Structure formats: structure tokens, C-alpha cells
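Enquirer: Top line first, the protein sequences correspond to chains A and B. Under the working numbering, think of the first position of the first sequence as 607, with each following residue one higher. Under the working numbering, think of the first position of the second sequence as 379, with each following residue one higher.
Just so you know, these hints were derived from the structure itself, not from any lab. A few of these clues could be false.
Selected chain A positions facing chain B (in silico; Cβ < 8 Å) [said to hold, decoys possible]:
hint, residue
1, Met607
2, Ala609
3, Pro651
4, Gln653
5, Tyr657
6, Thr659
7, Arg662
8, Thr673
9, Gly675
10, Phe676
11, Pro678
In the DSS-like style, the derived pairs of lysine-lysine whose C-alpha atoms are separated by at most 27 Å in a straight line are [to be verified]:
hint, chain 1, residue 1, chain 2, residue 2
12, B, Lys636, A, Lys668
13, A, Lys680, A, Lys616
14, B, Lys507, A, Lys656
15, A, Lys668, A, Lys616
16, B, Lys605, A, Lys616
17, A, Lys649, B, Lys473
18, A, Lys656, B, Lys605
19, A, Lys680, A, Lys666
20, A, Lys666, A, Lys656
21, A, Lys666, B, Lys473
22, B, Lys447, A, Lys616
23, B, Lys473, A, Lys660
24, B, Lys636, A, Lys670
25, A, Lys660, A, Lys670
26, B, Lys605, B, Lys473
27, B, Lys636, A, Lys649
28, B, Lys534, A, Lys668
29, B, Lys473, A, Lys616
30, B, Lys636, A, Lys660
31, A, Lys680, A, Lys668
32, A, Lys616, A, Lys649
33, A, Lys660, B, Lys507
34, B, Lys507, B, Lys473
35, A, Lys649, A, Lys680
36, A, Lys649, A, Lys666
37, A, Lys668, A, Lys656
38, A, Lys670, A, Lys680
Just so it is clear, the structure is predicted and the values come from calculations on it, not from any experiment. C-beta: ideal position from N, C-alpha, C; glycine also.
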Amino acid sequence: MAAPNSEQRKACWDARDLLWRCLDDNSDRMQPCQLFQGDFEAKCPAQWVKYFTKRRDFLKYKEKMETEGFTPAKGPQMKINGIHPEVAVQFV
Amino acid sequence: MRVAAKADGSVLISREPSAMLGVRRILRGGGGVLLCLHRTAQYLYPSGPERVLARSLSRTPYSSRAALKLRTRLGVTVLVGAGFLGAWWWVEQEKQQLRRRQRVEQLRTVALGQGTFSLVDHTGRRRTKQDFLGRWVLLYFGFTHCPDICPDELDKLSAVVSALDRDPDLPRLQPLFITVDPERDDVSALARYVRDFHPRLVGLTGTPEEVQHAGRDFRVYASAGPKDEDGDYIVDHSVLLYLVSPDGLFLDYYNRTKSPEQVADSIRNHIRNHVPL
């Protein structure tokens, strides 16, 4: 299976751009964009469809991080039975 | 010229060597300048009894003498300020030069691209690293089934080489494309691919061992992803443009954030400052 040439690449990228614009206009609902999705899958190799779908998910996630912020995960807590750690050390 | 009377009554006329004449003239001139400065200083800053005398005998009114003092002080301040600015600018230039030299040293210790490679180009001809010595090389590792990154980077590479081609004083760069996917990218696949970019772009491929050897030389990361039903897969790889000097030494690298203009400017700088080994 030969790699896509310059025209095929451009056709795939244009189809992807149309799909993404449709998704942006319809707040990421797939229902109204089925035609664009079909066109995108026809014009691009399967691996590229997977790649660009993942890429869009990543870009959306990044946008969410930048606008909504995030809470960092809590690290391990240093507490033993409610006693202060320094006091909890006992020499037997 | 010196005239002296000798013991036997005759007169000796001798000429001083011209160097001594020059020195004497300089000393006389310097002495004159010093005297002038001394007199000026005495006039401007009279001391002791001269001060009272100077004030009473002085014909310039107090306000204009103050203005003269102010002008002099202003002039001196501006000169000193200009001197500081000049010194600062010179130090900045030296610092930049040092930083550039340090970066080259750092890249040299990292010692990428030290080895040799032996690959086949997109016309089927075998090429080794020796073939490219004497040329400035701009190198990119990628693969032909790449969705968007490799075409973008190769477009950038072509734009950089075209921009530098427009300057007749610069040497012609050699753009190279080495595949990280030797299983699929054979000679004909490469020939089809490089056609879409700069006319001088040379694509290189070979056996998996040869390609791995070349990639390892530049510490390129490449990892083939899982195959789908068509046997298609994507190769994850580091995305960098490498600049290699005519001595075959790796000089610099440019990542995706660098625009074609930034890359071209950096290369122009390297070419200008290049000291052949």
C-alpha cells in the first residue's frame, strides 16, 4: 500500500478540517456531522483517521486545562493513626 | 640639529635622528596641552588668594560663569554616559559571542553525528557520510506514511533552503531526508515522496541495520506503532532538523517551534562564524 502523495494528503487534511469545523460549530456532537465523518474516513488512511481523532481529543483536553484549570492530585499523606508522625516513632 | 664646539676649535653640526625629533615634538605638544589645561583649571577653579583676585578682576558676570560651569558639567556627564554605554554595548557583544561559543562547545561534547553512515539515496545510488563532506547539510528523520508532521517539517526545510539559496554569497545547503521506516520506505517510495519538496532534497534509505546505525548516530528516537488490518502503522519519532557543518560535525538542531525565518537566521550565523577544522 503506497503512501499518500501530495494531492491525497491535501484532500485528507481538507476533509479533516471540514469535519473539525462542523464539530466546533455543533459543540462536538457527532450526529449533525455524519456526512463529514464519512468523507473524512474515505479520504484518509485508517491509521490517519485514528491519529487525527486522537489529536483532536488531545487538543480539546489541552484547551480544557488552559481555560478551566485543574486540581493537582494529592500526594501521599503522612499520618499514622492520627498521631503526629514524629511522635509515632517508638523505640522498642 | 645640534651644534657643538670640538676641542680643536672646529664646529660639529649633527642632526638628531628623526625618531627623536618626533618624540620631542610630541612632548612639546603634550606639554603645551598640559599647560593649557592647567591654565584653564586655574581660571575655572581658582584657589587661595587668586580666587578673591579672580572674582574682583573678573569681567564675566556671575550668572554666565555659572552657565559655563553647568554647560561644562553637562558636557562631561554626557561624555561619561556615552563612554559607559559604549563599554556596556561592547561587553554585551562579548557576552553573546561567549554564549555562542559555549553552545557550540556543548553540542560538540554531545558529539552527535560523529560516526559515518552508508545508505541508498532515492535514485538507487549508495551514499556515505563522506559524500556530503564539504557541504552544509540540513537533515530530517521521518517516514513517508507520516500524517502531517513530516510534510510540515519538510515544507519548513524546503522554505529554509530556498531562503538561503536566494543569497548568492552563501554556500548551497544540502537537504537530506532519512527514513525511520525502512520496511516500507524503499527507493521508489522515497523517490515519489521527495518530489513534492525542494528539488535538491535527497532521500536516504537502506536495510533496517543501516538505518538504525544512522539514527543512533543522531540519537533519534523511533518506535513503530501497532499495525492495523491493512498492515498500516505510524512510527513515533523525534521531530528535529539537524545542521551538520562541512567538516561533518553536528552544529545545531531546530525543533517544531522554530519558524523558517528563525532557522534560516541561525544557519546564516553559523555559516558566518564557521571556523574550518
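Enquirer: Against each hint, give a clear statement of whether it holds in the structure.
Expert: Hint check:
no.: 1; hint: Met607; result: 6 Å, holds
no.: 2; hint: Ala609; result: 4 Å, holds
no.: 3; hint: Pro651; result: 6 Å, holds
no.: 4; hint: Gln653; result: 4 Å, holds
no.: 5; hint: Tyr657; result: 5 Å, holds
no.: 6; hint: Thr659; result: 11 Å, violated
no.: 7; hint: Arg662; result: 12 Å, violated
no.: 8; hint: Thr673; result: 22 Å, violated
no.: 9; hint: Gly675; result: 24 Å, violated
no.: 10; hint: Phe676; result: 24 Å, violated
no.: 11; hint: Pro678; result: 26 Å, violated
no.: 12; hint: Lys636(B) - Lys668(A); result: 21 Å, holds
no.: 13; hint: Lys680(A) - Lys616(A); result: 45 Å, violated
no.: 14; hint: Lys507(B) - Lys656(A); result: 37 Å, violated
no.: 15; hint: Lys668(A) - Lys616(A); result: 26 Å, holds
no.: 16; hint: Lys605(B) - Lys616(A); result: 24 Å, holds
no.: 17; hint: Lys649(A) - Lys473(B); result: 54 Å, violated
no.: 18; hint: Lys656(A) - Lys605(B); result: 12 Å, holds
no.: 19; hint: Lys680(A) - Lys666(A); result: 24 Å, holds
no.: 20; hint: Lys666(A) - Lys656(A); result: 16 Å, holds
no.: 21; hint: Lys666(A) - Lys473(B); result: 43 Å, violated
no.: 22; hint: Lys447(B) - Lys616(A); result: 75 Å, violated
no.: 23; hint: Lys473(B) - Lys660(A); result: 45 Å, violated
no.: 24; hint: Lys636(B) - Lys670(A); result: 26 Å, holds
no.: 25; hint: Lys660(A) - Lys670(A); result: 15 Å, holds
no.: 26; hint: Lys605(B) - Lys473(B); result: 52 Å, violated
no.: 27; hint: Lys636(B) - Lys649(A); result: 30 Å, violated
no.: 28; hint: Lys534(B) - Lys668(A); result: 25 Å, holds
no.: 29; hint: Lys473(B) - Lys616(A); result: 46 Å, violated
no.: 30; hint: Lys636(B) - Lys660(A); result: 24 Å, holds
no.: 31; hint: Lys680(A) - Lys668(A); result: 21 Å, holds
no.: 32; hint: Lys616(A) - Lys649(A); result: 10 Å, holds
no.: 33; hint: Lys660(A) - Lys507(B); result: 38 Å, violated
no.: 34; hint: Lys507(B) - Lys473(B); result: 35 Å, violated
no.: 35; hint: Lys649(A) - Lys680(A); result: 45 Å, violated
no.: 36; hint: Lys649(A) - Lys666(A); result: 23 Å, holds
no.: 37; hint: Lys668(A) - Lys656(A); result: 18 Å, holds
no.: 38; hint: Lys670(A) - Lys680(A); result: 20 Å, holds
Going down the numbered hints, you'll see the structure goes against 6, 7, 8, 9, 10, 11, 13, 14, 17, 21, 22, 23, 26, 27, 29, 33, 34, 35, while the others check out.
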